[in-house]
Structure formats: C-alpha cells, structure tokens
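Chain residues, written in single-letter form:
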Amino acid sequence: MVRMWTDLLRGLWGEHPIFRLVLGMCPALAVTNTAINGMTMGLATTFVLVTSGTIISLLKHFIPQRVRIPSYIVIIATFVTAADYTLNAFWHDIHGVLGLFVPLIIVNCLILGRAEAFSSKNTVKRTIFDSLGYGIGFTWGLVLLGVIREVLGFGSIFGMQVMPDTFYNWTIMVLPSGAFLTLGVLLGLYNMLIQRAESKNKVLHTVKTASEGAFTDESVY
Amino acid sequence: MMGGKTAVDTIVSSSPHLQSKETISGIMYTVLIALIPAVLVSIYLFGMKSLYLMLACSIFAVATEGAVQKLRQKEVTINDGSALITGLLLALTLPPDFPMILAILGSVIAIAIGKQAYGGLGHNPFNPALVGRAFLVISFPVEMTTWTKWVGPVGAAIDTQTGATPLNWMKTEGIMTDYSALFWGNISGSLGEVSAFAILLGGLYLLYKGYIDWRIPLSVLGSVALLAFLVGEDPLFHLLAGGLMLGAFFMATDMVTSPITKLGRWIFGLTIGFLVWLFRIYGGYPEGVMFAILLVNMAVPLIDRYTAPRILGEVKARG
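Chains B and E, in that order, give the protein sequences.
First residue of the first sequence? That's 5 in the numbering used here, and the numbers climb one at a time after it.
First residue of the second sequence? That's 1212 in the numbering used here, and the numbers climb one at a time after it.
Just so you know, the hints here were simulated from the structure itself, not pulled from any lab data.
Think of the CB as a built atom: it goes at the ideal place given N, C-alpha and C, for glycine as much as any other residue.
You may find that some hints are simply not true.
As the list claims (entries may be wrong) - Cβ pair distances, simulated, as ranges:
1) B:L13 <-> E:P1336: 54 to 64 Å
2) B:V189 <-> E:S1226: 37 to 47 Å
3) B:E202 <-> E:K1285: 13 to 23 Å
4) B:P180 <-> E:L1437: 51 to 61 Å
5) B:S181 <-> E:K1285: 55 to 65 Å
6) E:S1224 <-> B:L193: 38 to 48 Å
7) B:E202 <-> E:Y1329: 20 to 30 Å
8) E:Y1329 <-> B:C30: 19 to 29 Å
What the hints assert, rightly or not - One side only, chain E facing chain B, incomplete, derived with CB under 7 Å:
9) L1313
10) I1349
11) S1350
12) Y1493
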C-alpha cells in the first residue's frame, strides 16, 4: 500500500510533469489562457493516461518489443478519440475552444513516456495509481497556469470577475507570450522550492531515492 | 562586455594591460546627464505629470533591482545607476497621460524579467527598458496610444488635448507635420521622443565622451533616411518623427545589447534601420523602433560570432 502512495505522489509533486519533467509543453502553453480550458485539458489527459495505461499494462506481455511504440500509439489514439467525441457531445463550447489540441493529446510526451517507462513494466494496480498521480499533477499545473493567466488577463477566475473595475487587464497574459512568462516564473519558483527542500533533508532524500528506484532508472528519457 | 571605450575591435595581448579608469557607474551617470535635455523638455511640454512618471519608473526600477538581487542572494548593486537609467528610459517612451500604476508595473517587469531573470547587468540579451515597453504596448494598447497633443507650454490658457502623433497623422490621414515642430518638440508623442533637438544634444554629448559608437546611430538613421527616400517618402520627416532618435542614440547603443566589433555594429545598425523602415511603411503599427531594436538585439550574439576578428596566425576556415 505504501508503494501505491509513492506511485501516486510522485507525479503530484516530486516529478511533476510540467514543472519538474517539463513534458506536455504544447497544451501547457497553448490552452491555459483561462482556468476552465486548463482544467478540461488536464482532465482529458488524465482520462487518456489512466485508460491507456491500464490497457497497456494488461497487454504488456502480448505486445512484441519491436512494434511497441506503434501499438502504444494506437491504444492512446483510441482513448483520445473517445475523449474528443465525448467533449464534443457534452461540452461543445469548450471543445470548440480547445479544438485541435484535444486530438493532439495523442502526441503528448507525458502519455507515451508513462506508457514506455511505467505501464509496460508494472502491474495494473500500480499503473492506475501512477497514471492518476501524473494526470492530476498535470491538471493542477494547467489549472494554476490558467488561473494566473485568467486573473491577470481577464480579471476573473473560472469566468467569475474577481478584480475590481479599476483593474487594467494585462492583455499579454492571454496571448502566447503570457504563457511563456507565467511558465518561466512558475518553473523558477518550483525549482527554488525543490532546492530548498532538498538542501534541508539532503541525506534523507538520497537514501530515499536510492532505495525506491528513482524515476531515471526505469525511464527511457 | 562593460567598461572601456566602446569602439574597440578586441585584441588579446600579453601583460602589462592598460587599466581604464571608467566604471559602470561613471558611464551610467554620464548617460543620465545626457538625458537631462530630454527630461527638461518633457517637463516643460507636459508638466509635472511627466516628472512624476519619470520619478515613479526610476524609483521602482531601482527598488526592483535591489529586491531581486536580495532574493537571488547576489551583491546589491543599485548604486551603479544602471537600473535608474532603465527606469528613466522606460518613462521617456511612455505617453504623458499614462496611468502611474501601469508605468510602475512596466518598470518592475523591465528589471525583473528583462534584466535580472537573465542574470543581471551584462547578461541581458534585450534592452530592459524596451522589454518593459513591449510588455506595456502589448498589454495596454489603448493606454499606450492615448497621446496628449501639445498646445502651449504649461500654464497657458489651453493646456493640452489628445491627438495623434505625427507618424499617425501621416499613416492614416497623409498629413505631414512641419520640421520645426518635430525638431523642437511641440507635437504629441511619448515623453522623451518629441524633441529631436534635446535627444541630439544628449546623443552628441555621449558621442563626445566616447560612450556610444557613432557607427550605430549613423547606420540606423542613415538607413532609415535612405530607404524612405528610395520609396518616395520624406527622409527628414522619418528621421525626426517618432522614437527613432531616442532609439538610435539611447536604446540601440546599449553596451550590453549591441555588438562589440566595428563591422558587427554596422550590420546591427543597418538591420535596425531596415526593420524600422519596413514596420513604418508596411507594418500595422505606425511606429516600429522598439520591435526593430528588440528583434536585432536577439541577433547580437550571432553577429558577434561571425564578425569576431581572427586570432593572429589563425587560418581562415575553408567552407
């Protein structure tokens, strides 16, 4: 059970997909101009991560080593199509805004990365916890980016006005350059927090990662 | 990159080395002196509000520099005057009625993002003041293009009214402004750009002190004038209008963000001039000096690399 928790928590903080691994930059920069867009994209990615991870983990002994990447892509694409149609049917407005970026979840390095590094080598149970961790980690990252950009760019959070009327909207935050600015500042802050935490319990940390098998050992990056 | 006379092609030699008495703060305070005419003209034309804007931008630029350096646990070097110059230059590119709070935001961004995020003085690829201005132009396009038209000196019966800048007049209505107005500054525009005379005075002083290289302003201004003439526009008008003078003398010549070789400086200036001409004649904005300088700033490491002098005895690579 302890193992499940570490699988879950890894993606939430220590190996955060956006701020630590810097994966999935395309959606992180392109669709986070409002909080709701970021959240939808994050949840859709989480759905694909968990479902495709489960299937890949189930099929790990049947997929020939040589064609594993195309096989993963086919599995991922299946669930992305499902997510795309579901969004289009039930949340049509948001689907219109996200548009092309929903099908592009297929090529999100985060999903293929977890498939290759984790799902294809571990049990279904562990895969589900791992995918959930990374999915939720990705989602909170996108929501945080979206909230900051929406507050400064539109003066609202999830469409609700929070800034007074006298507030001048920072139009740049809604534009792509605002995404880069926000992400850069957040990456810097995240690194600062991680470094502070690491220097505080340096000995503890090295022992911990060595015994549990750090991310780099099982990954292909 | 800082220190020393600017017009040098780097020669590496054995010791003993000559030591320059010039310091960063010495250079920065000379630039400050060179800006005095432009500052005085803007106070005369637009009144105390322009002084307040300049003070706010300068104070917050210096404060941001100190705060970020504290945060980064670096030596606090706010006394060298470089942040002060950035703040003041940013203020000089703002419209007179620009909201104070946004001007402060711009100067914080200029120092924090444009300068300290890259590692501080000497490491920034872009002119920090222009980074701040670009941020403001993109974020607050309405406030940044609400110009106050000059009617009479402060205290005259009619104070000021809003109006378009000479470049706007030309672009949208085809109306030209006469040269003397452009030269002395009784036009609408940013605080520091209106009077070509005041900028020339400061620019010539910097040239005399040797802190800026004549090649950069000459190539920027020359190429704009020549290209404007070639397409049948009035070259003198293009030289005097807009932020070209301020950009050519005070922004493009920034020691950190301009090339170090003589040839590199020609290439740098000519490219800026070409882009200014392109943006003014064919672009969507009436003015393009800021984006031109920022774009070419980006190419400076490349220019430096390709114009670096060969080491004595080095054979030219075949290619």
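These are the hints, each one checked on the structure:
1. B:L13 <-> E:P1336: 54 to 64 Å: For P1336 (chain E) against L13 (chain B), whose Cβ atoms are near 39 Å apart, the range 54 to 64 Å is violated.
2. B:V189 <-> E:S1226: 37 to 47 Å: Holds, at about 44 Å.
3. B:E202 <-> E:K1285: 13 to 23 Å: Holds - the Cβ-Cβ distance for E202 (chain B) and K1285 (chain E), about 21 Å, lies within 13 to 23 Å.
4. B:P180 <-> E:L1437: 51 to 61 Å: violated, 35 Å
5. B:S181 <-> E:K1285: 55 to 65 Å: Between S181 (chain B) and K1285 (chain E), where Cβ atoms are some 27 Å apart, the hint is violated.
6. E:S1224 <-> B:L193: 38 to 48 Å: holds, 46 Å
7. B:E202 <-> E:Y1329: 20 to 30 Å: holds, 25 Å
8. E:Y1329 <-> B:C30: 19 to 29 Å: Given about 25 Å between the Cβ atoms, the range holds.
9. L1313: holds, 6 Å
10. I1349: Check passed: Cβ of I1349 (chain E) comes within 4 Å of chain B, closer than 7 Å.
11. S1350: Status holds, d = 4 Å.
12. Y1493: violated, 22 Å
Consistency note: the structure conflicts with the earlier hints numbered 1, 4, 5 and 12.
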